[in-house]
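Colleague: As you go down the protein sequences, you meet chains A and B in turn. Just so you know, we're using numbering that gives the first Met the number 0 here: the first sequence kicks off at 0 and counts up by one. Just so you know, we're using numbering that gives the first Met the number 0 here: the second sequence kicks off at 0 and counts up by one.
You may find that some hints are simply not true.
A pair holds if it fits inside one copy or across any two, identical chains being indistinguishable in the list.
[Claimed, not checked] DSSO-like, lysine-lysine: derived pairs with alpha carbons at most 30 Å apart: (1) K394 to K160; (2) K147 to K103; (3) K393 to K160; (4) K307 to K177; (5) K391 to K169; (6) K234 to K160; (7) K114 to K164; (8) K393 to K174; (9) K180 to K114; (10) K164 to K322; (11) K124 to K180; (12) K394 to K201; (13) K307 to K103; (14) K393 to K124; (15) K393 to K169; (16) K194 to K160; (17) K230 to K394; (18) K393 to K164; (19) K194 to K177.
Simulated from the structure, these hints should not be mistaken for lab results.
2 protein chains.
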Amino acid sequence: MLICDGMADRPVPELGNLTPLEAAQKPNMNGIARRGICGLMDTIAPGVPPGSDTAHLALLGYDPFEVYTGRGPFEAAGAGIDLRAGDIAFRVNYATIDEKLIVKDRRAGRIQDTKQLEVSIQRIKLSGTQILFKSTVAHRATLVIRGKGLSHEVSDSDPHKTDTKVLRVKALSSKAAKTAKLLNEFSRKAYKVLKNHPLNQKRSKQGLPQANYLLLRGAGVAPHLEPLQQKYGFKSACVAAAALVKGVCRMAGMEIIEVPGATGGVNTDLNAKAKAALRALENHELVLLHVKGFDEASHDGNHNAKVKLIERTDAMLGQLIDKTDYIMLTIDHTTPVSVHDHTGDPVPIVISGPAVRADDVRNYDERSTAKGGLGRIRGKYLLPILADLMGKSKKFGA
Amino acid sequence: MLICDGMADRPVPELGNLTPLEAAQKPNMNGIARRGICGLMDTIAPGVPPGSDTAHLALLGYDPFEVYTGRGPFEAAGAGIDLRAGDIAFRVNYATIDEKLIVKDRRAGRIQDTKQLEVSIQRIKLSGTQILFKSTVAHRATLVIRGKGLSHEVSDSDPHKTDTKVLRVKALSSKAAKTAKLLNEFSRKAYKVLKNHPLNQKRSKQGLPQANYLLLRGAGVAPHLEPLQQKYGFKSACVAAAALVKGVCRMAGMEIIEVPGATGGVNTDLNAKAKAALRALENHELVLLHVKGFDEASHDGNHNAKVKLIERTDAMLGQLIDKTDYIMLTIDHTTPVSVHDHTGDPVPIVISGPAVRADDVRNYDERSTAKGGLGRIRGKYLLPILADLMGKSKKFGA
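Throw the hints in and build the complete structure from the sequences for me.
Modeller: In structure tokens form, the structure reads like this:
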């Protein structure tokens, strides 16, 4: 299951009104389309731009409208925290504030090593509530609070801009009052720990901004996701660099395979990822391989970089084609180079393998696959369709 | 957003088994199809013949299965009444009954001016409940009751045929007992007011049937519809003659633009409507233009009148094409000239504009657009898709 993040697009005038996928040389993707069954997919719903987290929930067969309340739990799971259903989780930024609590830098000078700070934060105690805290990459971290009577219906403490005071966490519903109080207590204690921390004293001496505050955002409650193993009876693994994608896969019970050199950028080591996926296939029935650079090229509005990465990905795909029974190639959302952000346009899909009713589509792109045998489907049905082709579905009824 | 009411059809033997859309000369509609992305739409759901009210709810992005309980609220909103969520509303006919309460004419001789009667009815008082009453066109009127503990689960007082006694309003669920009692009290008081009204005394002397009873039907509870402005952040307006269409648009927070000469019939002033739509586009981002005569031609089984109106509408469309960024052309439901009523066949849609992935469909009709790049979608997704193309959608997830 190859997922090319944001690879779909709209017609690009500089490419003669072709999309990057239509303009690229991609013999392997087209070969899969020729041998397979194609279609269009609304990952979430028609016209709804998916996030990375909601998209991957859908691609793994869950209904994001039912299980998604915020990014926090998927950040936390992506950082390797074992969440329990009901945990409240946040995306966190180490940030720099002044003595009047005004945010001066939302990323604390893009601080790189926060290990010592993490350890100090992990020692904070809140009455009757367990705290799990983890630094991830650079200025990023994640916070989980676990206990009785908690709610995700709280506001961010992150003002989302600089030169503004940090916000108090507010309860957005009456049942969240206790949670908001605990989070404000946590924020105060974290500030006290961080501003006096030796690492920050050292940073001040070096003229670097202190990482003296934790900005919370993206509150969400961890859902119960029935593991793929239980749902379909197969072992599955995920090869991805993006934390949110790893988080969703981890919560679905997939094994997370870390690949050195998989950066999530346009220069990510595709060969290393492909090799890791092939190794994983030796003892897993389903491997999700996520390639992220397309989205970055689109956010930068760079159609040439996007075309080139499509061609590199196509070459990488050559290593996988002969070594898999089924291959499903898709995209989590459209990210037009003209928009620089996710949109709600449907994305092309293809599934090839022995049991598919191959159609007459000859190219893997947005317009060609629209005429395919799968028609236009929802993201949440993709994995059930694949599982069924693989003989892993269960009859409903007698 | 041009909505041609009932323009879609089934093959007509007299047209060589073409549909009226396939038989008509319509260069502008075909031009939009060539430049745009086409598809088929089930306005409500496959095989379900939509009403005007439910169709337009769906076309504005609401789920009619969730928000629709009866036509009443949309009649009332179409008459200009500002409804509140929870109001119970009815379509009303001024009717003629005899002293034994037997209905002699369900339209009171198609009485034209009911202003004096309306004023008298508006004075009726019911304990603890507010009444809003408005005459609309000819024998038609609308009633709203507002108060605590009301329910729309009541039966009609309209027997829907003549020479039958008017019906008592019955509670269809236990929680509607109070509402049914209030409506029967209202009906008695209205009868008393009307039968003694000077206008009716005058009509009797002139040999005209009295408008001495109010037949209630189509009970519905006003839903909360999130306004389009809030949902998508754009200002929108509606140019339509049909009361139910205006009612739905009004409840969606759209500005209602009245056009003299827009009658809703086959001879409606299309140019006046197109001009009004163009003026509205000067200070609105979305304008819904509703053309109704097709449905009338179909109800009459007149395929030639239908073909002619399609050609007149196509000429009108020529005025709009160059003056809009995006144009969406669709139909609220199929009304076959052979059936004389709405059916559940899907209808053709096309969207043209800079961001669309134009397909290779060359004609706007039921069969050509079935091969288009939009595939087959539900009506409630049409506006989200358009909003997304216009850059007005919001990402779901992170």
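Colleague: Each hint needs a verdict: does it hold in this structure or not?
Modeller: We went through each hint and held it up to the structure:
1. K394 to K160: Intra 52 Å, inter 20 Å, cutoff 30 Å: inter-copy only.
2. K147 to K103: Neither. Shortest intra-copy (35 Å) and inter-copy (53 Å) distances fail the 30 Å Cα cut-off.
3. K393 to K160: Cα proximity of K393 and K160: across copies only (20 Å, versus 50 Å in one copy).
4. K307 to K177: Neither way: K307 and K177 sit 51 Å apart in one copy and 68 Å across, limit 30 Å.
5. K391 to K169: Close across copies (28 Å), not inside one copy (46 Å); limit 30 Å.
6. K234 to K160: between (43 Å within a copy, 28 Å between copies)
7. K114 to K164: Within one copy only: 26 Å inside a chain, 61 Å across chains, cut-off 30 Å.
8. K393 to K174: For K393 and K174, only the inter-copy Cα distance (27 Å) is at most 30 Å; the intra-copy one is 39 Å.
9. K180 to K114: within (27 Å within a copy, 60 Å between copies)
10. K164 to K322: neither (55 Å within a copy, 46 Å between copies)
11. K124 to K180: Within one copy, since 14 Å is at most 30 Å while 51 Å is not.
12. K394 to K201: neither (63 Å within a copy, 40 Å between copies)
13. K307 to K103: Neither. Shortest intra-copy (38 Å) and inter-copy (68 Å) distances fail the 30 Å Cα cut-off.
14. K393 to K124: neither (47 Å within a copy, 38 Å between copies)
15. K393 to K169: Between copies, since 23 Å is at most 30 Å while 45 Å is not.
16. K194 to K160: within (21 Å within a copy, 69 Å between copies)
17. K230 to K394: both (12 Å within a copy, 29 Å between copies)
18. K393 to K164: This pair counts as between: shortest inter-copy Cα distance 27 Å, intra-copy 54 Å.
19. K194 to K177: within (26 Å within a copy, 64 Å between copies)
Violation of the numbered hints given earlier is confined to hints 2, 4, 10, 12, 13, 14; the remaining hints are satisfied by the structure.
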